[in-house]
Amino acid sequence: MALPRSAVIVGGNRTPFAKAGGPYAAASNTDLLTAALDGLVARFGLAGRRLDEVAGGAVLKHARDFNLTREAVLGSSLHPTTPAVDLQQACATGLESVIYVANKISLGQADVGIGCGVDSASDAPIAVSERLRRALLSANRARTLPQRLAAFASLRPADLAPVAPQVVEPRTGLSMGQHQARTAERWGITRHAQDELALASHTNLARAWADGFFDDLVTPYLGVTKDTILRADTSLEKLAALKPVFGDTMTAGNSTALTDGAASVLLAEAGWAESQGLPALARIVDAQVAAVDFPDGDDLLLAPTHAAARLLARQGMSLGDFELYELHEAFASTVLATLAAWESAEFCRDQLGLSAPLGSIERDRLNISGSSLAAGHPFAATGGRIVPILAKLLHSRGSGARGLISICAAGGQGVVAILEAV
Amino acid sequence: MAGVLERVFYSGAGQAVAGKLGLPEPEQLRRGRLLPSGSLVLASLAGSALAADTLAHLGQSWTEPLRDTEAEPPAYAERIGALIVDARGVRELAELEGLRAVLRPAVKGLAASGRVILLADAEVDGLEANAVRQALDGINRTVGKELRRGSTSNLIYVTRRVQAADLASTLSFLLEGRSAFVDGQTWTVTTPHRLVEPVEAPTPATPPRLVEPVETPTPANNPQTVPEEVALRPSRRAAATLPATSPLTDRIVVVTGAARGIGAQIATIAARDGATVVCVDVPASGESLAKLANQLHGTALQLDITAPDAGEKIAAHVASRYGEAAWIHGIVHNAGITRDKLLANTDAARWAQVLTVNLAAQLRINPILLDGRPGGLADDGRIVGVASTSGIAGNRGQANYAASKAGVVGLVRALAPELAGRGITVNAVAPGFIETEMTAKIPIVQREVFRRINSLSQGGQPVDVAETIAYFLDPASAGVTGQVIRVCGQNLVGQ
Chain A
1 MALPRSAVIV
11 GGNRTPFAKA
21 GGPYAAASNT
31 DLLTAALDGL
41 VARFGLAGRR
51 LDEVAGGAVL
61 KHARDFNLTR
71 EAVLGSSLHP
81 TTPAVDLQQA
91 CATGLESVIY
101 VANKISLGQA
111 DVGIGCGVDS
121 ASDAPIAVSE
131 RLRRALLSAN
141 RARTLPQRLA
151 AFASLRPADL
161 APVAPQVVEP
171 RTGLSMGQHQ
181 ARTAERWGIT
191 RHAQDELALA
201 SHTNLARAWA
211 DGFFDDLVTP
221 YLGVTKDTIL
231 RADTSLEKLA
241 ALKPVFGDTM
251 TAGNSTALTD
261 GAASVLLAEA
271 GWAESQGLPA
281 LARIVDAQVA
291 AVDFPDGDDL
301 LLAPTHAAAR
311 LLARQGMSLG
321 DFELYELHEA
331 FASTVLATLA
341 AWESAEFCRD
351 QLGLSAPLGS
361 IERDRLNISG
371 SSLAAGHPFA
381 ATGGRIVPIL
391 AKLLHSRGSG
401 ARGLISICAA
411 GGQGVVAILE
421 AV
Chain B
1 MAGVLERVFY
11 SGAGQAVAGK
21 LGLPEPEQLR
31 RGRLLPSGSL
41 VLASLAGSAL
51 AADTLAHLGQ
61 SWTEPLRDTE
71 AEPPAYAERI
81 GALIVDARGV
91 RELAELEGLR
101 AVLRPAVKGL
111 AASGRVILLA
121 DAEVDGLEAN
131 AVRQALDGIN
141 RTVGKELRRG
151 STSNLIYVTR
161 RVQAADLAST
171 LSFLLEGRSA
181 FVDGQTWTVT
191 TPHRLVEPVE
201 APTPATPPRL
211 VEPVETPTPA
221 NNPQTVPEEV
231 ALRPSRRAAA
241 TLPATSPLTD
251 RIVVVTGAAR
261 GIGAQIATIA
271 ARDGATVVCV
281 DVPASGESLA
291 KLANQLHGTA
301 LQLDITAPDA
311 GEKIAAHVAS
321 RYGEAAWIHG
331 IVHNAGITRD
341 KLLANTDAAR
351 WAQVLTVNLA
361 AQLRINPILL
371 DGRPGGLADD
381 GRIVGVASTS
391 GIAGNRGQAN
401 YAASKAGVVG
411 LVRALAPELA
421 GRGITVNAVA
431 PGFIETEMTA
441 KIPIVQREVF
451 RRINSLSQGG
461 QPVDVAETIA
471 YFLDPASAGV
481 TGQVIRVCGQ
491 NLVGQ
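Protein chains in written order, with our numbering: chain A, 1 to 422; chain B, 1 to 495.
Keep in mind that the hints were calculated from the coordinates and are not lab data. Hints may contain errors.
[Stated by the list, open to error] For the chain A half of the interface with chain B, some residues (derived, Cβ under 8 angstroms), not all of them: (1) Val-41; (2) Ala-47; (3) Arg-50; (4) Leu-74; (5) Gly-75; (6) His-79; (7) Thr-81; (8) Asp-211; (9) Gly-212; (10) Phe-213; (11) Asp-215; (12) Ala-270; (13) Pro-295; (14) Gly-297.
For glycine and all other residues, C-beta sits at the position ideal for the given N, C-alpha and C.
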């Protein structure tokens, strides 16, 4: 489908990502997102400009952050009349924000906007227990002191303990890691293969930093100048020495760490960008979201396999048509299971309804500037990390070069998108 | 500890003691685009009309000087703001008496932050004329040292065909508070090598319109309001002669090392003068760089200027942010580092680091920006280097730094004639003791000494360096090239 207007990626900016409880421990989602926006504004000279819309979100959200993105815009150097919207689709939030803005641009509802995301695992909201919450609400409604006291009568000491957010699927009671451990086992993903992928992530990210690749993609924040989770000196031996934390094969080394950070992407209509003297790295060709029935046994994090099948069919493309692939590394085994699923004739036939497997991906085209295992994964910021990286890499390969992004998300969902260098 | 001592020193009681010790509280200098408070006095010693023409070009009026020719030296009834002496055409030793005669009442009658400005011929023939030419420099430097209360003296040599328009930016810089910390200096103004078409007089600055302008009745409908043509002339003339307060409007200025200190101030002043600023600094300084760029409505470029492709990256940034047709009007090579050690303790690494950042980087970047690529330096553009009095005079423990900063002086002088044909000027400032984070780290006693060993008895501010650079950047300063201006309050060290 030829779109009347083309949404292009002008560039991006993010904070360095930092391990939860580290240097950003005192920074809120609003602080982080504002910093990511301000760096983007500075890179492209947007101070005082009104953009058509900023779309963003966070996964771990305080109740007071109901207008998180708008608050960040108001705190940024953008013109305060720039509107904003909060979106949320778990770890796909960042990519969905980019798609939202791109769609508006394609439809003529906007000329320029920002897709962004942020998460702070350090500054996570802590709630009271459900029983205490109900008691507090009843007490608030009570008119007399005895009624007020009665509201608290049924409370037990345990109800007073605060409740921290958990990455647990409400319908299964299993954490994401526990779900993924089942997937890893089902697909026979070995410990060694996972450690190899983790090592490649660190090696690639370290090289990209050393090459200055992130000079125009990252702005330091609170004195942090590089991703703090990155271990440039890690090795297969070091990774092999770690104890499994989920199942028998998944360790802290081949699973993403809880991370703080924010990322943003500047998008514009192609002609508008040119008229403003702004660069265009790549256009957003198409995107697809999908979900799986994980409560009934589907692999929680393999929804992108379905999304990719539908997207490729719609675009008349095959999995091998891309110069580069960015598969978000929630866990090393997620990426490996996704690759295995696309290679599996059985899975592609039974689950995706295809007559032949989608095929293989050459590893030297996969996550070539590192991914979430090395950079970290502030949930909603990952899409905004990946999109500008891929756009920049494709742009350097010349007009027409295509890349595929795949991001899995909690709730058995997944989003894929195609970028093409302009 | 040093902080406490300093606070005591600058407290009321501390200053009373310091005053007795001969360390009085320094004068608050007049800064910014502010003219002297008193009247401008103009003396022409040998009939030259250049200074008068230039003042007229600037829309300034002047009064006649008092001359010490009677038994009693005359005194100005009110303090004067500046004495401008046009000494063009002065060739004989005896003519210097005319200078003495106007200086004597003026040095006593200058208001605070007053100015003595001397104009003289750059090129003279004959032994006596050359002696006289140099004698003026000696007089200028001495007047600078004798003036009190923040007043300064500077000497401008002008070449033969210099006209009022060529000199206007220099005279207005010297008169205004922008030159607060420039004292005892001598530099040359020439005729611009490439005379551009005179630009349409800029309209007086108006605040940006927030609403659509209300339509005014046409003269045909409303004959009474038709202004007489005569009535329009004065405002037009005023507009043509007033110095432009935003001379850099619609021009791109690149400042390296912009994240803090003097660099941030250079970018700020360039933006004040209307420039679109590209703030460059190392990626690690990106946070403060972004803040500054946003504050100034410019752009931030995170770049290590010592990278082999730094010049290409600067041009690419300009072309990609401001369009393929965009050119850099001016680049200010401000980024610099110190790695101080006595030579006895200086290893190859310390040596190389300083020379690479302070000198090699701009040697590599300039040719790239000059090769005509999109986003490069415009013809009629500006290159500004930052030298240092340490480079001119040498400084104990700074052999590497002095080498790099003296190197900047050499580079500027060699590059200026090379680029003259393209209308590009190349100049440098040489800051003396400037109050920055860097100089704040010097131990208090030494710092107080460094601060005060100049004619203004105080350290300069980053803005003083920035103002001098903005004067170089001004399109009207096309006749100023190959010059090194010290911003040092006439520091005792060096030439």
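Discussion item. Phe-213 (chain A) was flagged as interface toward chain B. Is the shortest Cβ-Cβ separation under 8 angstroms?
Written reply: 11 angstroms, violated
Discussion item. Does His-79 (chain A) hold up as a contact with chain B if the rule is Cβ-Cβ below 8 angstroms?
Written reply: Cβ of His-79 (chain A) sits 11 angstroms from chain B, so the hint is violated.
Worksheet item: Is the hint on Asp-215 (chain A) kept, meaning its closest Cβ partner in chain B is under 8 angstroms away?
Response: This hint holds: Asp-215 (chain A) lies near chain B, its Cβ roughly 5 angstroms from the closest one there, short of 8 angstroms.
Discussion item. Quick check on Gly-212 (chain A) please, does its C-beta sit within 8 angstroms of some C-beta on chain B?
Written reply: 7 angstroms, holds
Practice prompt. Go through the hint on Leu-74 (chain A) and say holds or violated, using the shortest Cβ distance to chain B against 8 angstroms.
Written response: This interface hint is violated because 14 angstroms lies over the 8 angstroms limit.
Discussion item. Please check whether Pro-295 (chain A) passes as an interface residue: C-beta within 8 angstroms of a C-beta belonging to chain B.
Written reply: 45 angstroms, violated
Practice prompt. Using Cβ atoms only, decide whether Gly-297 (chain A) comes closer than 8 angstroms to chain B, and label the hint accordingly.
Written response: 47 angstroms, violated
Discussion item. Next item in the hint list is Thr-81 (chain A). Is there a CB on chain B closer than 8 angstroms to its CB?
Written reply: Violated, because the Cβ-Cβ distance from Thr-81 (chain A) to chain B comes to roughly 13 angstroms (cut-off 8 angstroms).
Discussion item. Gly-75 (chain A) was flagged as interface toward chain B. Is the shortest Cβ-Cβ separation under 8 angstroms?
Written reply: 12 angstroms, violated
Worksheet entry | Per-residue hint verdict: Ala-47 (chain A), partner chain B, C-beta under 8 angstroms | 4 angstroms, holds
Item to complete: Closer than 8 angstroms between Cβ atoms is the bar; does Val-41 (chain A) clear it against chain B? Give me holds or violated.
Response: Hint holds; Val-41 (chain A) Cβ to chain B Cβ min 6 angstroms, cut 8 angstroms.
Discussion item. Let's test the interface hint: is any C-beta of chain B closer than 8 angstroms to that of Arg-50 (chain A)?
Written reply: 13 angstroms, violated
Of the numbered hints stated above, those contradicted by the structure are hints 3, 4, 5, 6, 7, 8, 10, 12, 13, 14, listed in ascending order.
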